[in-house]
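Student: So you can see what is in the structure, the chains are spelled out below.
Protein chains: 2
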Amino acid sequence: MSAKLLSGKEVSEKMLADVLADSEALREKGIIPKLAVLRLGEDPGSISYEKSIKTRMAKSKIEVESIVMDVTVSQEEFVAKIQEVNADKSINGCLIFKPLPAQINEDEIKYLLAPEKDPDALNPTNLGKLMIMDNKGFFPCTAEGVMELLKYYEIDVKGKDITIINNSNVFGKPLAIMLTNEFATVSICHIFTKSVKEYTLKSDIVITGCGVYGLLTPDMFKEGTIVIDVAMAQKKDANKQFVLDENGKKIRTGDCREDCVEKAGMITSATPGCGGGTGPITTALLAQHLIKGCKMQNGIE
Amino acid sequence: MSAKLLSGKEVSEKMLADVLADSEALREKGIIPKLAVLRLGEDPGSISYEKSIKTRMAKSKIEVESIVMDVTVSQEEFVAKIQEVNADKSINGCLIFKPLPAQINEDEIKYLLAPEKDPDALNPTNLGKLMIMDNKGFFPCTAEGVMELLKYYEIDVKGKDITIINNSNVFGKPLAIMLTNEFATVSICHIFTKSVKEYTLKSDIVITGCGVYGLLTPDMFKEGTIVIDVAMAQKKDANKQFVLDENGKKIRTGDCREDCVEKAGMITSATPGCGGGTGPITTALLAQHLIKGCKMQNGIE
Numbered sequence: 292m293s294a295k296l297l298s299g300k301e302v303s304e305k306m307l308a309d310v311l312a313d314s315e316a317l318r319e320k321g322i323i324p325k326l327a328v329l330r331l332g333e334d335p336g337s338i339s340y341e342k343s344i345k346t347r348m349a350k351s352k353i354e355v356e357s358i359v360m361d362v363t364v365s366q367e368e369f370v371a372k373i374q375e376v377n378a379d380k381s382i383n384g385c386l387i388f389k390p391l392p393a394q395i396n397e398d399e400i401k402y403l404l405a406p407e408k409d410p411d412a413l414n415p416t417n418l419g420k421l422m423i424m425d426n427k428g429f430f431p432c433t434a435e436g437v438m439e440l441l442k443y444y445e446i447d448v449k450g451k452d453i454t455i456i457n458n459s460n461v462f463g464k465p466l467a468i469m470l471t472n473e474f475a476t477v478s479i480c481h482i483f484t485k486s487v488k489e490y491t492l493k494s495d496i497v498i499t500g501c502g503v504y505g506l507l508t509p510d511m512f513k514e515g516t517i518v519i520d521v522a523m524a525q526k527k528d529a530n531k532q533f534v535l536d537e538n539g540k541k542i543r544t545g546d547c548r549e550d551c552v553e554k555a556g557m558i559t560s561a562t563p564g565c566g567g568g569t570g571p572i573t574t575a576l577l578a579q580h581l582i583k584g585c586k587m588q589n590g591i592e
Numbered sequence: 292m293s294a295k296l297l298s299g300k301e302v303s304e305k306m307l308a309d310v311l312a313d314s315e316a317l318r319e320k321g322i323i324p325k326l327a328v329l330r331l332g333e334d335p336g337s338i339s340y341e342k343s344i345k346t347r348m349a350k351s352k353i354e355v356e357s358i359v360m361d362v363t364v365s366q367e368e369f370v371a372k373i374q375e376v377n378a379d380k381s382i383n384g385c386l387i388f389k390p391l392p393a394q395i396n397e398d399e400i401k402y403l404l405a406p407e408k409d410p411d412a413l414n415p416t417n418l419g420k421l422m423i424m425d426n427k428g429f430f431p432c433t434a435e436g437v438m439e440l441l442k443y444y445e446i447d448v449k450g451k452d453i454t455i456i457n458n459s460n461v462f463g464k465p466l467a468i469m470l471t472n473e474f475a476t477v478s479i480c481h482i483f484t485k486s487v488k489e490y491t492l493k494s495d496i497v498i499t500g501c502g503v504y505g506l507l508t509p510d511m512f513k514e515g516t517i518v519i520d521v522a523m524a525q526k527k528d529a530n531k532q533f534v535l536d537e538n539g540k541k542i543r544t545g546d547c548r549e550d551c552v553e554k555a556g557m558i559t560s561a562t563p564g565c566g567g568g569t570g571p572i573t574t575a576l577l578a579q580h581l582i583k584g585c586k587m588q589n590g591i592e
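Those sequence lines, one after another, are chains A and B. Numbers in this note's numbering are just positions in the first sequence, counted from 1, shifted up by 291. Numbers in this note's numbering are just positions in the second sequence, counted from 1, shifted up by 291.
Hints may be right or wrong, so weigh each one.
Since the list gives no way to pick one copy over another, a pair counts as held whenever it fits inside one copy or between any two copies.
For lysine to aspartate or glutamate, the following EDC-like pairs were computed, each having C-alpha atoms within a straight-line distance of at most 16 Å [said to hold, decoys possible]:
| id | residue 1 | residue 2 |
| --- | --- | --- |
| 1 | K372 | D361 |
| 2 | K485 | D495 |
| 3 | K442 | D425 |
| 4 | K352 | E375 |
No wet-lab data here; the hints were simulated from the structure.
Whole structure, please, built from the sequences with the hints as guidance.
Tutor: And the structure:
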């Protein structure tokens, strides 16, 4: 029996429709939701990312203001700019592009951006809000994307045994907290876990995000398990060489091997045939967060 | 075979000796470590707690300044007082006594106390620092106490299977993060877990903190398991009636039943005969945190 495919794209479309409605309602009140992107220098990757953010935000009727500083900017100038962003009532959120140049002390910077203008959860205060379930916080998007997927498909996690394979700051740790906040029983596995399979085999839900194609295989979980794979990987063979498609291109996958779909009860993964993964939700969350921040800052809801 | 008893008292004595040495070194530099306690009103329990803090801090040569405000204080006055504490260079840390009266908005207050003057981890920013392993943070004392115990007895957690029975903001959640930061494989159980025993039975280390005598029994773990019980409970019988000692007094226990000591490899618990529990470490951490804050604020180390 083949798994029900969970579509991150479908979830994101619903989210973005809600975001657009909220954005339009704000505009009717004379409030223009605006995201600032703060970029140092002219790195082509950053410029391209900035363009894609503008395209995406436009779909949610969110303005984007580019703030570009020279890559040689001093810590003092950079700090002053962030304080300016914090004080600017027309800006509802700010993305600070990384990596930052060596003269910038990121440890200082991340605590400086106002938590309510931090849709990307750069400021650790937002992670602290997650720990105490303060819903005014912004949480890391990939982790929150899993919660959005579960909510959309009405998958109740209370009392469920869940294994997360990943313990990073941006995914495994915040997701474990979100899931225990909902009273799932959560196990956090990683590279030093003695036997990941011992955990996944007894889980109702297995969540992975390692970027290693083939990390999750059907022998590792029970028939009917819900598999959520947020990884972005490329297919490699047993000799760790890239597998190419008929056009000579690398094949995008998640952590799942293709045959996971035959044993799981529900699945989403970037691995072909497995529902596509949660990437589109992660992307939609940036817009959702910006609108949430805009509403909070304007005392709406 | 009976378990090796882990003594929270022994750990705390070593910690307090280190704290005292640090405190004396600071005084030699002309720096007087000082804790402020901010109390609203004359609640007898709070006054008694304040006295015990003074006695304890005196042993570490830490001054205690009592700041007492009327229980009818307004939010504005309370906020102003905390800002005063934040700005006062002679104060290295502040405990805000709870519960706060109804007119005080605790949600605002907790974000207000400067994180570096927050030895009790009231400010969620300190929990965020824990998430990203920023060691300048202050972490909840009962959770950190477990880490101190493990360190003192040289119990390496990397790759170990560990079950925590508790998912509270002040214990289970922060401890899970601390342990995964050290690459233990952590499972977080609680009241809605289908089978706690399924987790504890395969664990190398079982950590409990529920306040329910008899919650942990030897059938729930393997021979040789390390059992750490931070709970403060009182012994009850099968009918949930208090069991009294020969003097008619209630019997202090942890979550462990007495016979856990016969099967565990190492144990600490407030249950009689089980090593005493981690309470003394929790207490010592307040002094340790105050000294750490004092050093940070004075640019030492």
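Student: It remains to establish, for every hint, whether it holds in the given structure.
Tutor: Now for the hints, and whether the structure bears them out:
{"no.": "1", "hint": "K372 - D361", "in the structure": "within (12 Å within a copy, 41 Å between copies)"}
{"no.": "2", "hint": "K485 - D495", "in the structure": "between (20 Å within a copy, 11 Å between copies)"}
{"no.": "3", "hint": "K442 - D425", "in the structure": "neither (18 Å within a copy, 32 Å between copies)"}
{"no.": "4", "hint": "K352 - E375", "in the structure": "neither (24 Å within a copy, 43 Å between copies)"}
Violated hints, listed in ascending order, are 3 and 4; each of the other numbered hints is respected by the structure.
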